[in-house]
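Each chain, written out:
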Amino acid sequence: MLLEPKIPTRMGDGSLVEMTRSEIKADLEEGTQIAAKKAKVPELTQDELDHLLDIYASPARFTAVDIGDEVVLSNDGTGTKHIGNRVQDLQSYETLLGIDMPELWQADYSYKAVKTNVAHEGQSMKIAQALLTNPVQYGAMPDLGRYSMPDGPIPNWSELLPMGKIDEARDAQVDACKMLVEDINFVADAMIEAGADGIDMDTTGAAGDADFLAALTACRMLRERYPWLGIEIGMAAEFVLGMHGQLEFDGQRLAGLWPKDQLRMAEAAGASIYGPAVNINTGKSTAWNIARAITFIKPAAEVATIPVHVNVGMGVGGVPTCLFPPADATSRASKAFVEILKIDGY
Amino acid sequence: MEGAHTQASGMGGMRAAGDLVARMQMSKRMRLKEAKEYVAGKLGCSTRDLSDPVAMELVRKENGLGLVAMTSSTQAGEPGMMEAKFNISEKLDVHINCVEQFKERTSNYVRA
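First to last, the sequence lines map onto chains A and B.
With the numbering used here as the guide, the letters of the first sequence map in order to residues 1 to 346.
With the numbering used here as the guide, the letters of the second sequence map in order to residues 1 to 112.
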């Protein structure tokens, strides 16, 4: 009896395992079925699953899109901070790696934290603008949790909720949201004055619907003042948590939104780029994870009127959750998103 | 990881024309296809050329759009980063923040 050959592939935690083509196929099917059921969206078509199988059931060390099908790479958190200063990082990403849109950022990746250091950040942006040709954006997380006690002045809604103090927890989030909107605007104004080409609100919605509302509100305010500004809203996860539960933007309840409706909100707020994020299940294969991620994002990519830059790295978008994502897994995810979803960038 | 992405599917930044297409996505909210067609139209090349560092070296050089600091751009007359961005703004008809601020802040020194 002939045994089906094993193919080296990756798990969601990055570990190298061997699976048969049939096992990879089964994981792709399960991944799309689970996502479709959760988000109430269509499963991937048979052609799409076959295409993914071709990409994932291969022992090749690397894979790539066809010549001419390349996409734009925005790069949140550009650099490693280990090879000189931050602007040198940006320069090396421009000249050596060839990314398209480097991002200046600081290690405490939060608008609240940047606010206290904004003059220094602005000076770094000025230097970056003098030394780079690529558009340079400034990025940080909205990071609403920073405004709650003990880190901030607002009562902690994560403590209030288990005590049954629902109204107090909601009020706290609304108060924090107002402070966050102010801080994003403050930092963005300073960075734009220093020459920034764009502002990135990365990992948006990490603290739930109030976090997302703050980003959308700040985005709309920035768009009104700066019609030309690049504004990227990158998400924290595939689903907006309803930590408040009743917050709305343009009459749309934000809790529970999946990528297609997240995109709709980002478009309405005036964002230039929407960045969906689908987190990795480390106990499942990368094939399972990519099918799940693409199923969640496909309805958004199909109707988008603005560029969609999928978050594809280190625990999101089919790239394993590990410090040094292997090129075999990264390149497969890269190819899969471009060829199945026709996305605009990463 | 970034290296894997750039090799697998990236446009190459200013090694080719990824930076130019990125500017159209950022400032004019164009999706990829439209952005590539817009830039290719302005530069008089094909959309496939935009990811080709060999084709784009010539186009960038002809239009003063800046080159990665390698042998070709060590020529004394090659535009530096700010000059390249002035030319990109003009050629693509796109607002570039630092260029506009540069013009505004130095306007007192510009000869009529």
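Incorrect hints may appear among the rest.
Below, a list of computed lysine-lysine pairs in the BS3-like style, where the Cα atoms sit at most 30 angstroms apart [as the list claims (entries may be wrong)]:
(1) B/61 to B/42
(2) A/115 to B/33
(3) A/260 to B/33
(4) B/28 to A/126
(5) A/126 to B/91
(6) A/178 to B/28
(7) B/103 to A/342
(8) B/28 to A/342
(9) A/126 to B/42
(10) A/40 to B/33
(11) B/28 to A/260
(12) B/91 to A/342
Incomplete in silico selection of chain A near chain B, CB under 8 angstroms [unchecked claim]:
(13) 39
(14) 42
(15) 46
(16) 304
(17) 306
(18) 330
Interface residues of chain B toward chain A, partial, derived using beta-carbon atoms under 10 angstroms [what the hints assert, rightly or not]:
(19) 3
(20) 14
(21) 15
(22) 21
(23) 44
(24) 53
(25) 58
(26) 70
(27) 75
(28) 102
Calculated directly from the structure, the hints in this document are not laboratory data.
Think of the CB as a built atom: it goes at the ideal place given N, C-alpha and C, for glycine as much as any other residue.
Here is how each hint holds up against the structure:
no.: 1; hint: B/61 to B/42; result: holds, 15 angstroms
no.: 2; hint: A/115 to B/33; result: violated, 37 angstroms
no.: 3; hint: A/260 to B/33; result: holds, 20 angstroms
no.: 4; hint: B/28 to A/126; result: holds, 23 angstroms
no.: 5; hint: A/126 to B/91; result: holds, 23 angstroms
no.: 6; hint: A/178 to B/28; result: holds, 28 angstroms
no.: 7; hint: B/103 to A/342; result: violated, 38 angstroms
no.: 8; hint: B/28 to A/342; result: holds, 19 angstroms
no.: 9; hint: A/126 to B/42; result: holds, 28 angstroms
no.: 10; hint: A/40 to B/33; result: holds, 29 angstroms
no.: 11; hint: B/28 to A/260; result: holds, 21 angstroms
no.: 12; hint: B/91 to A/342; result: holds, 27 angstroms
no.: 13; hint: 39; result: violated, 23 angstroms
no.: 14; hint: 42; result: violated, 22 angstroms
no.: 15; hint: 46; result: violated, 24 angstroms
no.: 16; hint: 304; result: holds, 7 angstroms
no.: 17; hint: 306; result: holds, 5 angstroms
no.: 18; hint: 330; result: holds, 4 angstroms
no.: 19; hint: 3; result: holds, 6 angstroms
no.: 20; hint: 14; result: holds, 5 angstroms
no.: 21; hint: 15; result: holds, 4 angstroms
no.: 22; hint: 21; result: holds, 6 angstroms
no.: 23; hint: 44; result: violated, 17 angstroms
no.: 24; hint: 53; result: holds, 8 angstroms
no.: 25; hint: 58; result: violated, 17 angstroms
no.: 26; hint: 70; result: holds, 8 angstroms
no.: 27; hint: 75; result: violated, 16 angstroms
no.: 28; hint: 102; result: holds, 9 angstroms
Checked against the numbered hints given earlier, the structure breaks hints 2, 7, 13, 14, 15, 23, 25 and 27 and satisfies all the rest.
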